[in-house]
Amino acid sequence: MVFFNLPYVAVVVLTLIGLATIVLKRNLIKIFLGITILESAVNLFLVSLGYREGGIAPIYTNAPEGLMVLPTPQALTLTSIVIGVATTALLLSFAIIIWKKYGSIEIGFLRRLKE
Amino acid sequence: MIPPFVVDNSPALMVIVPFVAAFIAPFAGRAAPAVRALVVGGAMAITSAITLILASDVYAHGTRLYVFGAQAATLAVPPDSGGIPVRIMFTVDPMSALMLVITAISAFAVVLYSLTSERHHSGLGSYYTLFLLMVTGILGMVSTGDIFNFFVFLEILSIASAGLIAFRIDGGVAVEAAIKYFVLSTIGALAILFAIGIYYGEYNALNMALIAQRIQFTLLDQLALVLIIAALAMKCGAVPMHFWTPDAYSMAPSSITALLVVASQASLYGLFRTVFSLYNITLNAACVGWLIIILGVLSMVVGVTMAIPQKNVKRLMAYHAISQTGYMLLGVGVGLAVLGNQPLLDAFGYMAMEGGIFHIINHAMYKGLLFLTAGAIFFRIGTYDLNRMGGLGHSMKWTMVFFIIGALAIAGIPPFNGFASKLMIYESVFAFNPVLSVIAMVVSILTLASFVKVFHSIFMGPVLPEYRDVREVPGPMLAGMGILALVVIVFGLFPSVVVETLVAPAAHALADQGMYIAAVIGGGA
Chain A
1 MVFFNLPYVA
11 VVVLTLIGLA
21 TIVLKRNLIK
31 IFLGITILES
41 AVNLFLVSLG
51 YREGGIAPIY
61 TNAPEGLMVL
71 PTPQALTLTS
81 IVIGVATTAL
91 LLSFAIIIWK
101 KYGSIEIGFL
111 RRLKE
Chain B
1 MIPPFVVDNS
11 PALMVIVPFV
21 AAFIAPFAGR
31 AAPAVRALVV
41 GGAMAITSAI
51 TLILASDVYA
61 HGTRLYVFGA
71 QAATLAVPPD
81 SGGIPVRIMF
91 TVDPMSALML
101 VITAISAFAV
111 VLYSLTSERH
121 HSGLGSYYTL
131 FLLMVTGILG
141 MVSTGDIFNF
151 FVFLEILSIA
161 SAGLIAFRID
171 GGVAVEAAIK
181 YFVLSTIGAL
191 AILFAIGIYY
201 GEYNALNMAL
211 IAQRIQFTLL
221 DQLALVLIIA
231 ALAMKCGAVP
241 MHFWTPDAYS
251 MAPSSITALL
261 VVASQASLYG
271 LFRTVFSLYN
281 ITLNAACVGW
291 LIIILGVLSM
301 VVGVTMAIPQ
311 KNVKRLMAYH
321 AISQTGYMLL
331 GVGVGLAVLG
341 NQPLLDAFGY
351 MAMEGGIFHI
361 INHAMYKGLL
371 FLTAGAIFFR
381 IGTYDLNRMG
391 GLGHSMKWTM
401 VFFIIGALAI
411 AGIPPFNGFA
421 SKLMIYESVF
431 AFNPVLSVIA
441 MVVSILTLAS
451 FVKVFHSIFM
461 GPVLPEYRDV
471 REVPGPMLAG
481 MGILALVVIV
491 FGLFPSVVVE
501 TLVAPAAHAL
511 ADQGMYIAAV
521 IGGGA
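First to last, the protein sequences are chains A and B. Under my numbering, the final residue of the first sequence carries the number 115; numbering is consecutive throughout. Under my numbering, the final residue of the second sequence carries the number 525; numbering is consecutive throughout.
Bear in mind the hints are in silico, worked out from the structure with no lab data behind them. Hints may be right or wrong, so weigh each one.
Stated by the list, open to error - Some residues of chain B that are not near chain A, with every Cβ distance over 12 Å (derived):
1. V77
2. S122
3. P240
4. I281
5. A286
6. Q342
7. H394
8. W398
9. F419
10. G475
11. A518
Stated by the list, open to error - From the structure, some residues in chain A lie toward chain B, with a derived Cβ separation under 10 Å:
12. V11
13. I22
14. I35
15. P73
16. S80
17. K100
Stated by the list, open to error - Straight-line C-alpha distance at most 25 Å; calculated DMTMM-like pairs for lysine to aspartate or glutamate:
18. B:K453 / B:E472
19. A:K101 / B:D170
20. B:K453 / B:D385
21. B:K453 / B:E466
22. A:K101 / B:D385
23. A:K100 / B:D170
24. B:K311 / B:E472
We put the beta carbon where it would ideally sit given N, CA and C, even for glycine.
The shape of chain A in the complex, shown without the other chains:
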């Protein structure tokens, strides 16, 4: 039972790690890493939804008889990965600008807006 649910346990663990990183870390790069981890958790969740024990790739030409894994969650995951790349790239480019302008990427320095 635990073994069957292992992917979902991993999803929960990854989500918690991701959220904890985002909330607790003070370094921008680490916060962005936390977001990436959270994203992986969601991607893992989507892929494991579509997995069927012993299923084969859902390619219908010349497919042998038997169970297939669901194709839709894989398509969703691919899309989500692509969006994730764009997100990470934009976040990192923000980090570069902050480093250039403030000389630090600790969020303690992100205070100028408050003044």
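Starting from the known structure of chain A, arrange chain B on it as the hints suggest.
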């Protein structure tokens, strides 16, 4: 007059035109800035025209489907699929059409304005790319009928908005605001994706109508609902998830802020769509309705009290935007709280929803107008600081007139449109719970007080020596503001016409889940 090809394919075209133009704009800018202006302005004009054509078609003939990749654009359920809509589709019902009208008007006014206001800035190629991507994202979000597609357009919108908020780096301060906005909206978007995964796991469907038909309101559905409400309430700037709003609104270029207001309302649309079309009466309507009402009241009160002490005119307006979002949540929340109880719904529920929805369109117009006037002032004097302004009424007469129109509309003074929608909210909410209505009126008075102060410190008084040479802003910027001001006045003068033709169909479409499902899956649903 309008070729049938355009009418038939309008849902696809309104997304494709800005999307393609977004990537042509930087190349056109290499030839000459004038060419780029022509491409961007032309593309936006075409997009707005197509969007309005589609919206009027929806209002005339009912919900429009557009199924991508099907033999016929309206063939939602292929004959060999076993009654399941398998393709990505756009489902444009009157509620979507209302959001399309808002986006078309605002985005066109904003483009007209920014072609002049941004003329002297660098990096305009990417500015217009991101701008048109934002428009694409908003239009897609409000018209899609596929929940994963909604997520994709939401992300297009978030990424483009974050890029534009950071656009004028401004010593890094704008980037701070963009980081705040983007980290939050990414986490929100991931929460929505998680909820989508839950729906797919439970119901094997991504089509909103199909999910709506099958939804059971199990524990998992409640989790998904919480994730989606939290994410979208954050994205529309409701208290207590509002703290990105003043930063992002005040640091973005003013023309972008006017569009960010529309973007926030697209998120609000997503929230209402989820609650009404996806769940409807399966959820505990009173409980979720009260949740939304409380979010609304908090937003109203906290927004306006935070607005009063602000020194930066755009931060002040941003807090007012939060406060006005509260009215929409309040109105529609009251409608939700009495959902399923037909006598109460007829007595005041529909009216509350109509008020809330009418306020969405009014808010987009007057708040966009106010942000554009703030941008016009910045364009001439280079500061948003209220303490350094004064006496501008002598030189910037048109801007002053537009500011007065916007300020009176937001404060709910007749005969402007804010009054019309607020009156509907007061009346109907009073029937539901008088205390809420009183709070709403008090917030309105505080809003008026705040704007009287702002008006006085910007425009009144003697001409300050440093602003002796200030002139009125150029014609195209005035034209952009003029479009919005005209809408504010027209909607204020003929509110009953607008409510009957635009708002009431939207409110009924939102409340009636069966109609939404039937439009996609067929009468048997």
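Evaluation of the provided hints:
no.: 1; hint: V77; in the structure: holds (17 Å)
no.: 2; hint: S122; in the structure: holds (15 Å)
no.: 3; hint: P240; in the structure: holds (16 Å)
no.: 4; hint: I281; in the structure: holds (27 Å)
no.: 5; hint: A286; in the structure: holds (31 Å)
no.: 6; hint: Q342; in the structure: holds (38 Å)
no.: 7; hint: H394; in the structure: holds (31 Å)
no.: 8; hint: W398; in the structure: holds (32 Å)
no.: 9; hint: F419; in the structure: holds (35 Å)
no.: 10; hint: G475; in the structure: holds (34 Å)
no.: 11; hint: A518; in the structure: holds (24 Å)
no.: 12; hint: V11; in the structure: holds (9 Å)
no.: 13; hint: I22; in the structure: holds (7 Å)
no.: 14; hint: I35; in the structure: holds (6 Å)
no.: 15; hint: P73; in the structure: holds (7 Å)
no.: 16; hint: S80; in the structure: holds (6 Å)
no.: 17; hint: K100; in the structure: holds (8 Å)
no.: 18; hint: B:K453 / B:E472; in the structure: holds (22 Å)
no.: 19; hint: A:K101 / B:D170; in the structure: holds (10 Å)
no.: 20; hint: B:K453 / B:D385; in the structure: holds (13 Å)
no.: 21; hint: B:K453 / B:E466; in the structure: holds (22 Å)
no.: 22; hint: A:K101 / B:D385; in the structure: holds (23 Å)
no.: 23; hint: A:K100 / B:D170; in the structure: holds (12 Å)
no.: 24; hint: B:K311 / B:E472; in the structure: holds (23 Å)
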